[in-house]
Structures are given as C-alpha cells and as structure tokens.
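Chains as they are written, first to last, in the numbering used here: chain A, 394 to 645; chain B, 394 to 645.
Calculated directly from the structure, the hints in this document are not laboratory data.
Being a predicted model, the structure only gives us computed values, none of them experimental.
Take these hints with a grain of salt, some might be off.
One side only, chain A facing chain B, incomplete, derived with CB under 8 Å [what the hints assert, rightly or not]:
| hint | residue |
| --- | --- |
| 1 | F456 |
| 2 | T461 |
| 3 | P465 |
Covered stretches of chain A, going by a simulated chain B footprint (3 or more residues, C-beta under 8 Å) [to be verified]:
| hint | region |
| --- | --- |
| 4 | 405-418 |
| 5 | 448-454 |
| 6 | 487-495 |
| 7 | 570-581 |
The following residues of chain B were derived to be distant from chain A, with all beta-carbon distances above 10 Å [unchecked claim]:
| hint | residue |
| --- | --- |
| 8 | L422 |
| 9 | G440 |
| 10 | D449 |
| 11 | Q478 |
| 12 | A545 |
| 13 | E576 |
| 14 | G605 |
| 15 | L606 |
| 16 | G607 |
| 17 | D632 |
| 18 | G633 |
Using N, Cα and C, we set each Cβ at its ideal position, and we do this for glycine too.
Protein chains: 2
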Amino acid sequence: MNLILFEKSELALPLSRGDPRARHILEVLRRAPGESFDVGLIDGPRGRAVLAQIRDRDLVLSFTWEVTVPEPELITLIVGLTRPQTCRRVLREAATLGVAAMFFVRTERGEPSYADSRLWSTGEYERHVRTGVEQAFATRIPTVAAGMDLAAGVTKAGGRVRVALDNYESTTPLHRMPLPAAEPLVLAVGSERGFTDAERGLLRDAGYQLAGLGERVLRTETAVIAGLSVIKASTGRWDGAPPVPREPGRCC
Amino acid sequence: MNLILFEKSELALPLSRGDPRARHILEVLRRAPGESFDVGLIDGPRGRAVLAQIRDRDLVLSFTWEVTVPEPELITLIVGLTRPQTCRRVLREAATLGVAAMFFVRTERGEPSYADSRLWSTGEYERHVRTGVEQAFATRIPTVAAGMDLAAGVTKAGGRVRVALDNYESTTPLHRMPLPAAEPLVLAVGSERGFTDAERGLLRDAGYQLAGLGERVLRTETAVIAGLSVIKASTGRWDGAPPVPREPGRCC
Chain A
394 MNLILFEKSE
404 LALPLSRGDP
414 RARHILEVLR
424 RAPGESFDVG
434 LIDGPRGRAV
444 LAQIRDRDLV
454 LSFTWEVTVP
464 EPELITLIVG
474 LTRPQTCRRV
484 LREAATLGVA
494 AMFFVRTERG
504 EPSYADSRLW
514 STGEYERHVR
524 TGVEQAFATR
534 IPTVAAGMDL
544 AAGVTKAGGR
554 VRVALDNYES
564 TTPLHRMPLP
574 AAEPLVLAVG
584 SERGFTDAER
594 GLLRDAGYQL
604 AGLGERVLRT
614 ETAVIAGLSV
624 IKASTGRWDG
634 APPVPREPGR
644 CC
Chain B
394 MNLILFEKSE
404 LALPLSRGDP
414 RARHILEVLR
424 RAPGESFDVG
434 LIDGPRGRAV
444 LAQIRDRDLV
454 LSFTWEVTVP
464 EPELITLIVG
474 LTRPQTCRRV
484 LREAATLGVA
494 AMFFVRTERG
504 EPSYADSRLW
514 STGEYERHVR
524 TGVEQAFATR
534 IPTVAAGMDL
544 AAGVTKAGGR
554 VRVALDNYES
564 TTPLHRMPLP
574 AAEPLVLAVG
584 SERGFTDAER
594 GLLRDAGYQL
604 AGLGERVLRT
614 ETAVIAGLSV
624 IKASTGRWDG
634 APPVPREPGR
644 CC
C-alpha cells in the first residue's frame, strides 16, 4: 500500500481503528501523532495526511491535497474469464499498470462456471483492484464488470482503437501497430486457450486488429501485463514521467 | 505444459508412469497408442513424439525432431531477492518470456533470510523455470543462481548493454533507450523497495543506464514482465515471429 486511498465522503470523519488503513498507518508505517504519510482521494488528487490524534476507537487525520489530479487512463481491457486465481492477478496487475475499465467476458473456450466464482459475487474483486491502484501510487479506480459474453463486452468497451492479442492469425506484432497517443483504446485478451474462429470473426467485424507478442506462448496474465506495457510505451504514456517522490518505506 | 521437454539422455529410455510427464500425456492430453504430441529437446529443437506403447510401468515413445533449433536468448536478468512467492513468479514469468540467465541477488533493502528459502536450497526453483519454458513452447532452460550480492551478480552477468530499472533517478524511459538488436543485454530490477544510493552508484560504475517505466510504482514481478516485454519489442525479438502451429488443447 504505497498510497492510502480515501473516498470524499470519508474525509471529514475519524478513521476507525478497525479499518485496515488505520492498522497500516500504525503498524506498517508506524506513524506517531504529528507525522504524515501519502494519501490519495479516489478519482482525485494525491496528497499528504497528518495523523493528528490517536484515540481509543479511531484516528483523527488532516489532509492536504495537491492541485493537479492524475490524468484519466484511456485503455479498456477485455479479458476472457479464467480461473479465479488468474483473474485476481489480472485485476491487481491491470489496476497497477493503469486502465480505465476491465471487462471479464465469457468466451467459448472458458469454463462457464468461472463467472459464478465468489470473487465476483461477493465483491472480492474490488479489493484486488484497490490493492493494485494503491501499489501504483495512483488514485483512479478502474470500472470492473464480469460475466457478459464477448459480444456484449465489445459493445460495452467501445473505443476508437481496438486490438486483440492472437497467437494464431495475427500478422503484425503489437509494438509495430500505429497506436495514436490520445485515443480511447481497447485491448482484448483471450481465455486460457485463446479465441475461437467465431470469436476472431466477431472481433474483426467489430474493427479489432489482431496483434502478436512474439512466438512464445504466454499465459493470460502475462499477456495482459506484456500487452499493456507495450501499449503504454507505444502511446507515450511512459514518456517524460517524473520520478515518484522519494519516500522511505515506499515499495519499488 | 504446452511442450513436454526431454533431456537428450532420456530419449532412448521408456518414460516411467510415475513421471509427471507420463501422467500429463495420459490424463491431460489423453493420448492413446499411435497418437502424437508436441515435445522439445532441452536446449535443442522442438518436435513430435508418438506414444508407441502404454505398458504397466512405463510409456514407449518415438521422437521426430525439427531441423531448426530455437535461437538462444540474449537477455540476462538480475533481480533483487524478494519473498519466495514473488521469486517463484519471477522464475516462471521470465522463463516464459525468455531469458538466457537469471541471477537473484542480495540487495541492501532485501531481507537476508530470503536467500535461505527452501525454494533455493531444495532445487524447487528448477521446477518453476521448467514450467515457464514449457508454457512458452520453448526448449532453452535459463541458467539460474541465487544468493550472491549485487556486485557479484553484475560481474557474473557481464553483458554489452546494461540497464537497471529505477523509479527515482532514471531520466529516460526504457522504451526510448536505443537497445541494439543482437547484443547481450542485462536488465537489473531491484528488490521490493528498489535500489539504495550505494547500489545505484555500483550500477552506474559498472556502466548501467537507469531506465524508467512510467510514473506508476510497479511490484518487482510486474516490473520484470513489463521490462522484458519492452526490451523484447525494442530489440526486434517480437518482429516477424510466425504464429505458433495450431494444436487443439494448447494453452493461449
């Protein structure tokens, strides 16, 4: 947790000692009264919080916010539903790398039961997304939905630029595709065994270009990280970024 | 397991029914006598094996090899020792993406006890590397060593082109660095909390350039995948790769 995130509605209230963020402030960051730490306002700016008071039941915090708000992300990820353990990793990793939305879609080669996992029904997925965003030192929480079919995901995702990873019928590697810098872009990645012919047809009809990532066969979660990395680099999102401020105890 | 790997010394012998590869052939691939599947000779060519006979104690296989041998990889990875669970992922993911060697080094911000994990002392790490290579449909097994300090890792890695990921003092994003296509290259990635000033000095003295991957803070394993992906793309390793042959049941 590199950045502790708060909802706007929480800012005027004390933070319960039972809240995982309070435990993190006291037990991991080991902050004493008067000391400060990095915070973020969800979908808003980053800032600093001062631990004003430690009380029996809660912590009193005071916040100072930066003027600039991190830019919104432009990439939407469509990914075939896979085993929940793989989806957990995709949720965290895509949230860390930065996307606007993630749609986990049913595909012909995915198990239909994957959509019924407790990961989705209990809201557990939200925790993984938040962990990924906090890791990234970011504030924007991607929209997530799961269980629609691929066609519905394609419609929901929209996007001006549409790319699908495919080992079998791609003719251009992803990093050779001209990807405009400031356009909403959708990246579609298949389930564990990739897309079927019918799904490739559906994607092509919807204007998707099929892209490759070399000849080595990647797992879904590896392909998601590799694909997002190449897109971030190609679209200039990794250009000229300032180094993060130095903070002892911040990861990486 | 997209490609079942064999040592040269194993080719003339029957495969014990107790071997995980035998179970994979019978229970996952469900091959019957006379049917074939994809195989690889470690550090050699890919090919096909025919299941000639199923006997009580073993399987009799016959092999046919392709003429071309996959090219050797040129990237060596130096990575700070982290929690064993993170190292397992790095082992698998880097082996899937393709490296010549991985050196897991002690760093000032890593826990010294990480080097004593059973992951390293029992040889468990070899299993993760092999899983990663089999996933990739590749045959070359990276060299792995763990426990040396960063200076020793830098010496051992050598390399003509040397790059270290650093969030704090990098001035150029990795994808903007001119990386020659056919030169041995070393990528160094820190432990969970990155490199110290002294380690940055050591790396710079050894000719390492500090590179960035945007302003979002990535976990070690995410940075490894993202960094290797950008290098593979930048050095042309993902150009013109033929699609993998179509095989029902192959992952991704």
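Out of the numbered hints, which ones does the structure contradict? Hints 1, 2, 3, 4, 5, 7, 14, 15, 16, 17, 18 are the ones this structure does not satisfy, whereas the remaining hints hold.
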